[in-house]
Amino acid sequence: MERELIRLENVAKSFGNLLVLDEIDLSIRESEFITLLGPSGCGKTTMLRIIGGFETPDTGRVIFDGKDITNLPPNRRPINTVFQKYSLFSHMNVEENIAFGPKIAGKSSDYIRDKIKYALKLVNLEGYEKHDVTKLSGGQQQRIAIARAVVNEPKVLLLDEPLSALDLKLRRNMRRELVRINKETGITFIFVTHDQEEALSMSDRVVVMNQGYIQQVGTPENVYNEPENAFVADFIGDSNIIDGVMVRDKVVRIFGREYPCVDEGFPAECPVDVQIRPEDIKLAAPSEGAFNGVVTRVVFWGMSYDINVEADGFEWLVQSTTGRTVGEEVSLHVAPENIQIMSKPQSEDEEVAHDV
Amino acid sequence: MMFNLNTRNFLLTPFLIWAGLFIFIPLVFIVWYGVTDYDGNFSLTNVGLIFERGYLDALELSIALALISTVICLLLAYPLCLILTERRRDNSTIISLLFILPLWMNSLLSTMAWQTILEGNGIINQFMRLLSLPDLHMINTEGAIVLGMVYNYLPYMVLPLYISLTKIDKRILEAARDLGANSWQTFTKIILPLTIPGAISGITMVFIPALTTFVISALLGGGKLLLIGNIIEQEFTFQYDWHVGCALSVILMVFIVLNMLLTAAFDTSHEEEDF
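Residue numbers (the working numbering), protein chains in the order written: chain P, 1 to 356; chain U, 1001 to 1275.
Honestly, the hints are just simulated from the structure, not real lab data. Since the model is a prediction, treat every value here as computed from it, not as a measurement. Each hint should be verified, as a subset may be incorrect.
Unchecked claim - Subject to a maximum C-alpha distance of 20 Å in a straight line, what follows is the list of computed SDA-like cross-link-like pairs (lysine to any residue): (1) P:Lys282 to P:Tyr259; (2) P:Lys130 to U:Leu1075; (3) P:Lys282 to P:Thr325; (4) P:Lys155 to P:Arg61; (5) U:Lys1189 to P:Arg76; (6) U:Lys1170 to P:Thr325; (7) P:Lys85 to U:Gly1040; (8) P:Lys85 to P:Glu95; (9) P:Lys250 to P:Pro336; (10) P:Lys107 to U:Asn1182; (11) P:Lys103 to U:Pro1193.
As the list claims (entries may be wrong) - FRET-style restraints, in silico, Cβ to Cβ: (12) U:Asp1169 to P:Gln319: 53 to 63 Å; (13) P:Glu23 to U:Asp1169: 50 to 60 Å; (14) P:Ser40 to U:Asn1106: 51 to 61 Å; (15) U:Met1105 to P:Pro39: 33 to 43 Å; (16) U:Glu1086 to P:Thr59: 21 to 31 Å.
By construction, the Cβ of each residue, glycine as well, lies at the ideal position given by its N, Cα and C atoms.
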């Protein structure tokens, strides 16, 4: 495992009466690509701004490489930021924008020239030195913003929803580019997004946040396949979340029926949230599966169909590569290993945010 | 626009008539009087008067005082506007009102108020005597005139500068900080270049009235320090010599046009950043 570079210790922050971050403990490793994922207002941007030095936490500490940097201003941190709207200096050309940091740091003009070349090559914009930044496309401005940041050889690069202003194709492209730059430079990337697809496809680790609290930290596979609570299950990907009761180890009761699963360690008769991914549900002929139901809605997405099935008064979401017709009688089948059992939230803060 | 060309031209007519009657024709008259002698023949003698001692001194003094006032306004306005933009969210309406307020007052009135504050038996000197300190000679000095100009024209510097400052995205300043710039470097490398258009209009709006004023210099200069505006006024009201008055006005106009051309040149070279 890579060594720890940044540690947030019990960080909390409020704006006026609004608590935006609370009890944040997080360890960020050297060279990793870590994503802060959550709905708007979950505190992810504030967390990024605290790491960048643009906000000071009300309580807690920010440790960088073993040193407390909680009160260090942004210009004295070995951290650079790629802002959401790029924030390029419109009165300077591409070259002057990139040279801004090294010039302030008092580097020689030879060094700066080499660095500009290297940075532009890194972002695939060789030869753009003299271009006017206001005349570049959104994607190009984004690349310049990245070049302007990495040219300072920061230990950490903070990226605040940098892809949100780009169109879909460009966004996909930039995702690959960012991962490549991360691997090539070895700079730690802290990436903020509300887009779960972005988070899953780019990150080494994902930090899922909601209402100022960290909900789960893990690899993309980890947070997708083994969400720790209903919020994570609901926010990342599509989920059927059902109230259930644990009967004993490896047996859960849903809709009055005992059903085999693989989870253990819950007390007997303990209420739980049961998560089943729509792609894990197989549709079968009536009575062949565990639950009988009726198809209520079919939506074609290109790669697959979203099929709603009403069974036992619950609206199941099923994803299938074969279509069905509305009104058709079907039954649902789920393999025991695809049933994820989660503890019920203990406090209101962990409650599922249904509006996301 | 939604108007077609014909409608637009039609709507423009009242303004064109106005401009012709009250701007263009008077201008032609001024130039005409300026370059003719009393018999109506073409002559540059009156224009040439500017090179004579009294007139040249007044012009030089006018330019010098206008420049000094403009620079002082600029130096006062920048920190003020920076503070105003910083506090935009909370109580800035009151603060900005305080600086707009002098605009609502008759400038003659406020200049006369300065007269009573600065004069020999004025408020300041009465206070000095109360403290048994020697009197200060303030009225009828160049300093008093500059003070009057700065007091009257500062809002014209503050407004355009404030507007151009509020147009700067806060994230741009954060980006500069992020890239290692301290507050001073952020100011000189980012804020200053981005507010040049605002500063330029401020400079024009302060320099021109300061160059042409005769009220401020008459009241605070006590008729001893003559600016070019006072001389022109005297030519018209005491000497009844319209030819000399107009000739001097034309010369003053040349300086104003020069100033505007200079600032316009600056403005276009920075226009792109304003998009």
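Which numbered hints are broken by the structure, listed smallest first? 2, 6, 7, 12, 13 and 15
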